[in-house]
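Q: Next come the chains, spelled out residue by residue.
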Amino acid sequence: AQSVTQLGSHVSVSEGALVLLRCNYSSSVPPYLFWYVQYPNQGLQLLLKYTSAATLVKGINGFEAEFKKSETSFHLTKPSAHMSDAAEYFCAVSQKTSYDKVIFGPGTSLSVIP
Amino acid sequence: DVKVTQSSRYLVKRTGEKVFLECVQDMDHENMFWYRQDPGLGLRLIYFSYDVKMKEKGDIPEGYSVSREKKERFSLILESASTNQTSMYLCASHEAGPGVSNTEAFFGQGTRLTVV
Chain A
53 AQSVTQLGSH VSVSEGALVL LRCNYSSSVP PYLFWYVQYP NQGLQLLLKY TSAATLVKGI
113 NGFEAEFKKS ETSFHLTKPS AHMSDAAEYF CAVSQKTSYD KVIFGPGTSL SVIP
Chain B
167 DVKVTQSSRY LVKRTGEKVF LECVQDMDHE NMFWYRQDPG LGLRLIYFSY DVKMKEKGDI
227 PEGYSVSREK KERFSLILES ASTNQTSMYL CASHEAGPGV SNTEAFFGQG TRLTVV
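As given, the protein sequences belong to chains A and B, one line each in that order. Everything in the first sequence is counted per the numbering used here, starting at 53 for the first residue and increasing by one. Everything in the second sequence is counted per the numbering used here, starting at 167 for the first residue and increasing by one.
Hints are computed from structural coordinates only; laboratory data are not their basis. All values derive from a computational prediction rather than experimental measurement. Ideal Cβ positions, reconstructed from N, Cα and C, are used throughout, including at glycine. A couple of the hints might just be wrong.
Cβ-Cβ distance ranges computed for the label pairs, FRET-style [claimed, not checked]:
#  : chain 1 : residue 1 : chain 2 : residue 2 : range
1  : B       : K237      : A       : N93       : 22 to 30 Å
2  : A       : K120      : B       : Y176      : 27 to 35 Å
3  : B       : E222      : A       : I165      : 22 to 30 Å
4  : B       : E222      : A       : S104      : 37 to 45 Å
5  : A       : S66       : B       : K237      : 25 to 33 Å
6  : A       : Q94       : B       : E188      : 17 to 25 Å
7  : B       : K219      : A       : E118      : 39 to 47 Å
8  : A       : E123      : B       : Q275      : 34 to 42 Å
9  : B       : T181      : A       : E118      : 41 to 49 Å
10 : B       : I243      : A       : E123      : 19 to 27 Å
11 : A       : G114      : B       : E188      : 34 to 42 Å
12 : A       : S132      : B       : T181      : 43 to 51 Å
Cut-off 30 Å, straight-line C-alpha distance, at most; resulting in silico cross-link-like pairs (BS3-like, lysine-lysine) [claimed, not checked]:
#  : chain 1 : residue 1 : chain 2 : residue 2
13 : B       : K221      : A       : K101
14 : B       : K223      : A       : K110
15 : B       : K179      : A       : K101
16 : B       : K184      : A       : K101
Computed footprint of chain B on chain A, listed as stretches where at least three residues anywhere in the stretch have a Cβ under 8 Å from a Cβ of chain B [said to hold, decoys possible]:
#  : stretch
17 : 90-101
18 : 157-163
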């Protein structure tokens with residue numbers, strides 16, 4: 053069975069500092085991996101996705117993530133945090149099955165300190 | 167350019183009421199999903215549908231049912247609302263069909279339901 057873990061339910065960084073949000077997955081076959089962001093009182097929107105084309109994936113708003121098969125990880129990074137990055141971030145996994153269910157991690161709340 | 171629309175942003179219902187949450191998507195997607203979101207638990211799948219009139223239970227279907235009479239509309243029904251169903255409910259749609267999983271899901275704005 054697939055699962056997703058996100059280390060740290062809450063992360064605080066200073067404005068301008070590196071953002072690192074961790075995601076590890078378990079899957080018996082190569083997965084598709086996603087990061088979604090949820091701003092306050094809104095639904096989720098896609099930040100980026102890994103679909104086996106390239107291990108380093110660039111997304112919107114300066115975020116990127118690297119797929120590391122040996123570590124079963126897909127950590128999200130941004131070199132310099134901005135106040136507008138404060139949000140909830142979800143890692144998700146799906147794989148080819150009869151029906152395309154997406155499994156979400158528990159989420160990490162990012163705070164950016166001025 | 168709204169793609170997935172949930173009928174209500176906020177709802178307050180009484181215990182025992184039958185509650186309908188409506189979701190409409192305009193992208194002609196086959197798959198639609200209902201999740202509930204609770205602090206510390208992330209998104210948990212309640213039900214999903216991969217075609218009109220077709221539905222599958224997710225991880226937490228108890229106390230819920232769904233209806234999909236038209237491709238664009240997926241309704242979540244709380245047969246008899248209880249206080250433990252107070253939560254944020256998110257609808258999503260997905261282009262993928264069987265065997266294809268690399269497309270993103272599009273989410274509605276969410277419905278924050280309070281059962282008193």
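Q: Take the hints in turn and mark each one as holding or not.
A: The hints, checked one at a time:
1. K237/B with N93/A: 22 to 30 Å: holds, 28 Å
2. K120/A with Y176/B: 27 to 35 Å: Violated - the Cβ-Cβ distance for K120/A and Y176/B, about 41 Å, lies outside 27 to 35 Å.
3. E222/B with I165/A: 22 to 30 Å: The hinted range 22 to 30 Å is violated for E222/B and I165/A, with Cβ atoms some 43 Å apart.
4. E222/B with S104/A: 37 to 45 Å: violated, 26 Å
5. S66/A with K237/B: 25 to 33 Å: Check failed, 47 Å falls outside 25 to 33 Å.
6. Q94/A with E188/B: 17 to 25 Å: holds, 18 Å
7. K219/B with E118/A: 39 to 47 Å: Given range 39 to 47 Å: holds, Cβ gap about 42 Å.
8. E123/A with Q275/B: 34 to 42 Å: Between E123/A and Q275/B, where Cβ atoms are some 35 Å apart, the hint holds.
9. T181/B with E118/A: 41 to 49 Å: holds, 48 Å
10. I243/B with E123/A: 19 to 27 Å: violated, 42 Å
11. G114/A with E188/B: 34 to 42 Å: holds, 36 Å
12. S132/A with T181/B: 43 to 51 Å: Holds - the Cβ-Cβ distance for S132/A and T181/B, about 48 Å, lies within 43 to 51 Å.
13. K221/B with K101/A: holds, 27 Å
14. K223/B with K110/A: Between K223/B and K110/A the Cα gap is close to 34 Å, so the pair fails against 30 Å, i.e. violated.
15. K179/B with K101/A: Violated, at about 38 Å.
16. K184/B with K101/A: Measuring from Cα to Cα gives roughly 38 Å; hence the hint is violated.
17. 90-101: holds (count 7)
18. 157-163: holds (count 3)
When each numbered hint is compared with the structure, violations occur for hints 2, 3, 4, 5, 10, 14, 15, 16.
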